[in-house]
Every structure is written in C-alpha cells, then in structure tokens.
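Visitor: Those protein sequences? They're chains H and Y, same order as listed.
Numbering of the first sequence is given in numbering that gives the first Met the number 0, commencing with residue 0 and proceeding in unit increments.
Numbering of the second sequence is given in numbering that gives the first Met the number 0, commencing with residue 0 and proceeding in unit increments.
Worth flagging that the hints you see were computed from the coordinates, not collected in a lab.
Certain hints may be false.
[Said to hold, decoys possible] Simulated pairs of lysine-lysine, DSBU-like, Cα-Cα distance not exceeding 35 angstroms: (1) K26(Y) <-> K365(H); (2) K26(H) <-> K223(Y); (3) K172(H) <-> K183(H); (4) K235(H) <-> K365(H); (5) K365(H) <-> K435(Y); (6) K235(H) <-> K47(H); (7) K26(H) <-> K172(Y); (8) K235(Y) <-> K26(Y); (9) K47(Y) <-> K183(Y); (10) K256(Y) <-> K375(Y); (11) K26(Y) <-> K172(H); (12) K223(Y) <-> K390(Y); (13) K375(H) <-> K435(H); (14) K235(H) <-> K172(Y); (15) K223(Y) <-> K435(Y); (16) K235(H) <-> K172(H); (17) K365(Y) <-> K183(Y); (18) K97(Y) <-> K172(Y); (19) K435(Y) <-> K172(Y); (20) K365(H) <-> K390(H); (21) K89(H) <-> K223(H); (22) K172(Y) <-> K172(H); (23) K183(H) <-> K89(H); (24) K26(Y) <-> K26(H); (25) K375(H) <-> K390(H); (26) K172(Y) <-> K223(H); (27) K172(H) <-> K235(Y); (28) K172(H) <-> K375(H); (29) K47(Y) <-> K172(Y).
These figures come from a predicted structure and were not determined experimentally.
There are 2 protein chains.
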Amino acid sequence: MKKANRVNIGMIGGGTVGSGVFHALQKNSALMASRLGVTVNIVKVAVKAFDEPRPYPIPPSVMTLNWQEVVNDPAVHIVIELVGGTTIAKTMVLAALKLGKPVITANKALLAAHGPELFAAASQHNTNLYYEASVAGGIPIIKVVRESLVGNQFERIYGIVNGTCNYILTRMKREGADFADVLKDAQRLGYAEAEPSLDVDGHDAAHKIGILASLAHGFWVNQKDIHVEGIRAITKLDIQFATQLGYTIKLLGIVKKVAAPAGGRKAQAPNGAQVQVSVYPTLVPDGHVLASVNDVFNAIFVRGDVVGDTLYYGRGAGKDATASAVLSDVADAALDLHHSSENRVPSFVPHERHGAVQPIEDSVAKYYVRLSVVDKPGVIAQVSAILGRAKISIASLIQPEGHEGDVVPLILMMHAAPYSAMSRALRAIGQLPAVKAPPMMIRVEDFA
Amino acid sequence: MKKANRVNIGMIGGGTVGSGVFHALQKNSALMASRLGVTVNIVKVAVKAFDEPRPYPIPPSVMTLNWQEVVNDPAVHIVIELVGGTTIAKTMVLAALKLGKPVITANKALLAAHGPELFAAASQHNTNLYYEASVAGGIPIIKVVRESLVGNQFERIYGIVNGTCNYILTRMKREGADFADVLKDAQRLGYAEAEPSLDVDGHDAAHKIGILASLAHGFWVNQKDIHVEGIRAITKLDIQFATQLGYTIKLLGIVKKVAAPAGGRKAQAPNGAQVQVSVYPTLVPDGHVLASVNDVFNAIFVRGDVVGDTLYYGRGAGKDATASAVLSDVADAALDLHHSSENRVPSFVPHERHGAVQPIEDSVAKYYVRLSVVDKPGVIAQVSAILGRAKISIASLIQPEGHEGDVVPLILMMHAAPYSAMSRALRAIGQLPAVKAPPMMIRVEDFA
Chain H
0 MKKANRVNIG
10 MIGGGTVGSG
20 VFHALQKNSA
30 LMASRLGVTV
40 NIVKVAVKAF
50 DEPRPYPIPP
60 SVMTLNWQEV
70 VNDPAVHIVI
80 ELVGGTTIAK
90 TMVLAALKLG
100 KPVITANKAL
110 LAAHGPELFA
120 AASQHNTNLY
130 YEASVAGGIP
140 IIKVVRESLV
150 GNQFERIYGI
160 VNGTCNYILT
170 RMKREGADFA
180 DVLKDAQRLG
190 YAEAEPSLDV
200 DGHDAAHKIG
210 ILASLAHGFW
220 VNQKDIHVEG
230 IRAITKLDIQ
240 FATQLGYTIK
250 LLGIVKKVAA
260 PAGGRKAQAP
270 NGAQVQVSVY
280 PTLVPDGHVL
290 ASVNDVFNAI
300 FVRGDVVGDT
310 LYYGRGAGKD
320 ATASAVLSDV
330 ADAALDLHHS
340 SENRVPSFVP
350 HERHGAVQPI
360 EDSVAKYYVR
370 LSVVDKPGVI
380 AQVSAILGRA
390 KISIASLIQP
400 EGHEGDVVPL
410 ILMMHAAPYS
420 AMSRALRAIG
430 QLPAVKAPPM
440 MIRVEDFA
Chain Y
0 MKKANRVNIG
10 MIGGGTVGSG
20 VFHALQKNSA
30 LMASRLGVTV
40 NIVKVAVKAF
50 DEPRPYPIPP
60 SVMTLNWQEV
70 VNDPAVHIVI
80 ELVGGTTIAK
90 TMVLAALKLG
100 KPVITANKAL
110 LAAHGPELFA
120 AASQHNTNLY
130 YEASVAGGIP
140 IIKVVRESLV
150 GNQFERIYGI
160 VNGTCNYILT
170 RMKREGADFA
180 DVLKDAQRLG
190 YAEAEPSLDV
200 DGHDAAHKIG
210 ILASLAHGFW
220 VNQKDIHVEG
230 IRAITKLDIQ
240 FATQLGYTIK
250 LLGIVKKVAA
260 PAGGRKAQAP
270 NGAQVQVSVY
280 PTLVPDGHVL
290 ASVNDVFNAI
300 FVRGDVVGDT
310 LYYGRGAGKD
320 ATASAVLSDV
330 ADAALDLHHS
340 SENRVPSFVP
350 HERHGAVQPI
360 EDSVAKYYVR
370 LSVVDKPGVI
380 AQVSAILGRA
390 KISIASLIQP
400 EGHEGDVVPL
410 ILMMHAAPYS
420 AMSRALRAIG
430 QLPAVKAPPM
440 MIRVEDFA
C-alpha cells in the first residue's frame, strides 16, 4: 500500500451518516484529489439492507450485506466504521486493524468504552485509528487538540457537545417553556430520540468529554470516573432566575486541570496532573461566548497555557457535518498511507503516567441554589446557619418578587466551595421543615 | 535528517515573539516530546542585539548576531523566521529553503508579497514552508482550512483578523467614543502602533485574508486585487445608529465564492471559481456569533459546503498566542522530518487553474448609508429618485430623532445591489445641494 496514488475506502454502515460521507466524497472527490495529490474512492459499502432509507443514494453496485467483505477485500485500504454501538462495531474495527488497515470511526460510545484496547491494536499492527467525527461532529476539535495546540498544557476545556440538550435549553429560555414540553416537541421534530436518556441525562456528552480529556491530558479517562448530571431537573423557573441574574444555563462538559491536593485525602496523583472531568448544567455569564451558542450548535472552549482562550464552533451532528470530519480523517489516512507515515500522529499517546480524575467531592465550584421555602421569618437564618457551619459563603440571596402563596422560591448564589461541603449542606437544608422541596443546585462558571 | 529523534531548531528573531517561542518551547518541551515522539530544541537564535528588551530571557549562549550562522549551521534542521518585513526576511527564508531546511514563519506581509515564489522554492528543494502563525495568531485557522476542512468547498469566510481594529471598534461602541480619541488611547496603551495605518486602514487584514483566500480557493490572490477599506471613517454616530438598528460594526476580511458571471463584463473566470476577496467595515447582526467577538480577540467564520457554518476564536496576536501557532508548525515540521514526509501536506496547492478575484464593482451587498442633509422637504424625494434610477431598493429610511439644526442625519438601509450601481448613486447623491457632507456607506452582511 506504499506510495499509492489511489486509495480505496471500504465503509461499514450505509444509513444516514454513511450516505452523507458517500455523497460528500463523490461531490468533492476531484477537489480533494487535487489538494491531496492522492485520489480516494469508496469502493465498497456494507449496509443493513439495500433499500434502507437514506438521504443520499448509494449505488447498489458498491453495496454488500456482509461487513467482512469490506474489511477483508484486499482492494480496500482504509475502513470507515459508521454502524454505532459497542459490540459488533468493536469486532469490525479490531478485524480491520488486525489486517493493518487504518480505521476511521465516528463512534464515541465505542471509543469511550474500549478506547485503550482499540488504540493498542492499532499501534500493535502498525496502523492508526482516526476519530475526528466522534466528538462534536463537524468541529475539528480532535485535530486541534492533538496537533494545533500540541505545544500547550490544557488548563480548561468547556464543551457544549450535545446538540439535543443545547436545542432544548435554547428553546426553554427563548419560550419560557418547561423541559418536558420542549422535549416532547423536540422528539416530534426529530431533534431528540424517542428514548432520550443518552442525550438528556448527559451520557453522550460524557462519552465526548472523556475522549477529549484523555487526548488533552495523556491518560485514559474511564467513563465511570466522570461525574455526570443531565438537564431533566432544570425548570423554567431556574432559566428565568438565571436570566435575571445575567446567566444562561448550558450543559457543559468540563475538563479542568487542578492543583494536586497537598497531602489531601484521595490524592491519587502525587506526581501528576489531577483533572476534573464532569458533565453538568452550568450557569454561564451572558457576556461569555459560550452563552451565545444556541440551538443544535456545539462549541468547545479551550484554554491553553500558551495560546490562552480559544473557541471552536459548529454543527455537532448531522450527516453532512459528520461527513466533513470523516473526510478530514480520510485525507490524513490516505496521506499517511501515501507517505508511509502511519504512526506520524498516533491515535492516542498515553504520556501522563500519574494522571488521575479528581473525585467530584473534591471539585470546587460556585453554586446557584433554588429553594422552595415556607414564606415565614427565620427561614433565611436557618439556611444561613447551615451554610456558615459548612464554611460556604453566600454571595447573594434573592427572594424573587411576584411569587405568592405559602411556599415561595429563595435563590442563593454561593462563593466557591468544595462539592463535598456543598452537598452535605444541601442535604441538611433539604431536611429543614421550612424547605418544602429538594433543593435545586446548579454550578456557576466564571471562566476565571 | 531522516528518522531524527532529536530535531534542532534555529530561530531568526529574538525579540518579543521570538522570546515567546523560546519560553513556550522551554516550558513545554518534555510534554511536546512525549506527545510527538521527537525532541525539539532551539539551539541557535539570531538577535538584533544581545541585550535588546525581551519579555522572556534567552540564554546568551545560544545567541548570535549573524542570521547566516543560524541558517547554515549543519546542526540546525528547521529554521523559524520571526524578523518581519519583506526584504531581508525573504533572503533568509530562501537561503534556508535552498539548503532543504523547512522554514516556519509568522510573517504575513512576506507571504502576501512573495508567497508563490517562496512556496515554489520550498517545493523545488523538497522541503516545506509552514505559516500557521501568519494568520490570526493563536487560532489554528491555516491547519483547519488546509486539513480539517479539506473535504469542503469554501463558500464563505468572514474574518475578524485585526485585533487593533476590533479593539478600537469595541471601545467606540462600549464608550460611545469617536475613532480619533480611542485610537490615541489605544496607542498610549500599546494596542495600536504610533503609525497605525497598517492596522486601521485594513492592510494587515488584507495580508491575512489574501493568504486564507489563496489557501481555500487554490489560486494565488494578489494583494492588488483585494478591495480594502479601513475603519478611519467610522464615526460614533454610525456605531450608534447601527446599534439602534440591531447591528455591530466589525472590520471583516471577506472571501465569498460567487457564481461566475454569465457572459458578464470582466468575466475573468470562464470555467472556474470567481471569488470576492475584500476587507471592509461591515454591519453584523447582533445575534450573529461574530458580533460578540470583542476587544483584541479575532475570529474566523467559515462556511463549507459539507460542514456548514463553523467559527474559530482566539487571540490574534501577542507573543504567547503566536508562539502556540509556531509550536504547532514546529511539531509538523519535526514529524515530517522524522517520518521523511516533507511534502505530505504542501504549503500551498494551486489546484484552481481558472480562479479569479471578482472585481469589487461586480460584488453585491446590502448597504447602510448615512447622509448629512438639509432639514427641508423634498430631500428624500431627490435621494430616492437617484436610487430608483440606479435600480437600488430602499429597505428602510430613518430620520433619527434628537438631531436638531440645519443639517440632520438621514439613514438609509438598502437591499442588495452591485457596488458599481451603489457607488454611482452615492456620487450623484453627494452632489445634491441638500447633501452637506460626503455620504457614509457601510456594507451590511446577513450571512445568508
């Protein structure tokens, strides 16, 4: 396969994204060939059914129902995996890597579950696994983090990486609507799945932010170590109060390099980086660029120690945006074959031996807390006393007007405090007789 | 130099940016080495004077006053050029390329003036010229356009690529201040040069947008073909009226693929792309992400036919942001040496034989026009008649309140029209006896 001027692609998966890749490569193949000096062609596509519905046509002559025909065809130099899931997709990817064939995948769930095993297989067979499309669709964040910012330590990464959640939160704010109603409409319009848990509970964002955190910090971040909160609990009241306070609520994937605790408990990284890796709804100040990322758009804010603050914005999903990312990998894979530089930029370099994910209890944040309290004197004193004992300072306390009845909202904005203290205080506050519903807590990010 | 695990860098220029690169590489060299599998070291730096002021120290042991010692040293594998200017810098870059040494430059003026000659020299000597730092500082836009979006046709590029202009426009809007006052303060604070013309007249932005346009469209865009307007003529009145209309004024570098004119006049690209390449102040709708890019920050909005809308944001200048971009090129150059893949991604691929820059007269835009008119009946009729004869439709016409006296402002928002028609109409309007100052015209962009 050395110095091939013509590189053949085999694709597994010919549905929505697969047909998008086929279409884009067909449309721009001459352009890509002139830019790369290498011609790339999709010669074989394994599909579920010849006549499955697809937005762009794929000629029946290149289709097969047998994925092994794609992987094993000696004329196929590069394999694209677009079937999704973590079982059969893993078998397919490993089969191709074992033949020394570079693999391109858009499968974030697969990487999140089996990344190290797949990267090891690629390395062992002197080939590469490319995954630009697995995080944030058309935004070229993998290549940016891996190559463009290679001279940086990654101090902070904040990502709006789930389009469904961002769409729902955008509409909740715009329309003053409640989560359940917007979700129902989003499902009707095709912006959310019938079973929405993967998106709205934050798991999809956790897959992506885990991949980014691993790449940025050089040690593999396991999904089980990522603290994940979704957006189901956000109410229109929270969005309304956040707006009044000058904030927009976004679901953020967060990767923060933190100082290793000096002899503190659970110090897992005595000589290396400790990194907070989390997904949770966050109050973002309205002046910050992330606050204006709306609808299904994604954006990733990256702070490097050399480059400072940067942001990358675009469509995080969809057949065309994903196809653009796949074509970027196709180009790299084809060039690496052409120049025999298969390991020029490995999939993943585990360069941080002592890296560890910070336990969420140790993470420090500012907090927005909404309480439903009995409208009687003394409640604020009780709440303040609990927070005082927990050494948590109140930055501001608001009793919003226009709420009448026995039970009224009370909003507290807290200065920075460890989550261990905050969660204990919230439990105690929730047990006060005057507090009539579980406290609602959302973290506040000032990007300092 | 094949398979070198240790790559030595020689740097020409040890002032602000040079010391930034030295510092960043020193700080993160172990990290880069573990990520790349190659160790990079700066072994020699040519400086103007050993004791010139620099924000970070460079050890005297690596300094020389003779740039040829850097280029000709057999131990130097890669040369970084950071001296600026277009004369001696050209000699230096060519000297290194002729020795087959890859060159990294941050010099946009040099590329704008002599790009094709330098790229040809790199190609002829089987090496490469890297220039990530030449456009938009720390934003990795060169690599994004060249590699990450390689599968796209570039339909639109809009760049805020001059930090000085963006800083001035941001302060003018925030403070309701006039250009001259903010410029003076910006000069005092070091955000603008004593001789500000390169920035405020749009030439620096033209250098950068010319490089981006060339890379995106595959034919070399000469500076003389770029229509350039700066920001000197923008008044606080214009910013105030734009704000009232829901717009923010930004200096944009614009690259638009346009339909080749069907037998039209000046059709220079019968079979190829015609591209508008311009720099001018633009009314950007406040809801658009570019409107919220403030202060010295840069951002580039790229619309690809596959990926859709994307945006890249960060610091466009400064020793540290620029150093990050230089280190990205250092990594690519070192990897290319290590893997003997010197031409893997050439500096510039001239793939569009029929490309041409659209004459500005043929460009179509919407327009904001501010007139200073005598406050008497009949003026609007005269202005409307001229526009009607030029076949330019008025979208809205506003006589702002609160302006008293003999001469008052009149604001017109125009539907899309060719600039040839608009400029003729503006000349005719300017000659009306009731119009007391040259008409102020700013283009309006709706990003459709």
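Visitor: State the violated hints by number, sorted upward, taking the hints as numbered earlier in the document.
Guide: 5, 6, 7, 8, 10, 11, 18, 24, 26, 29
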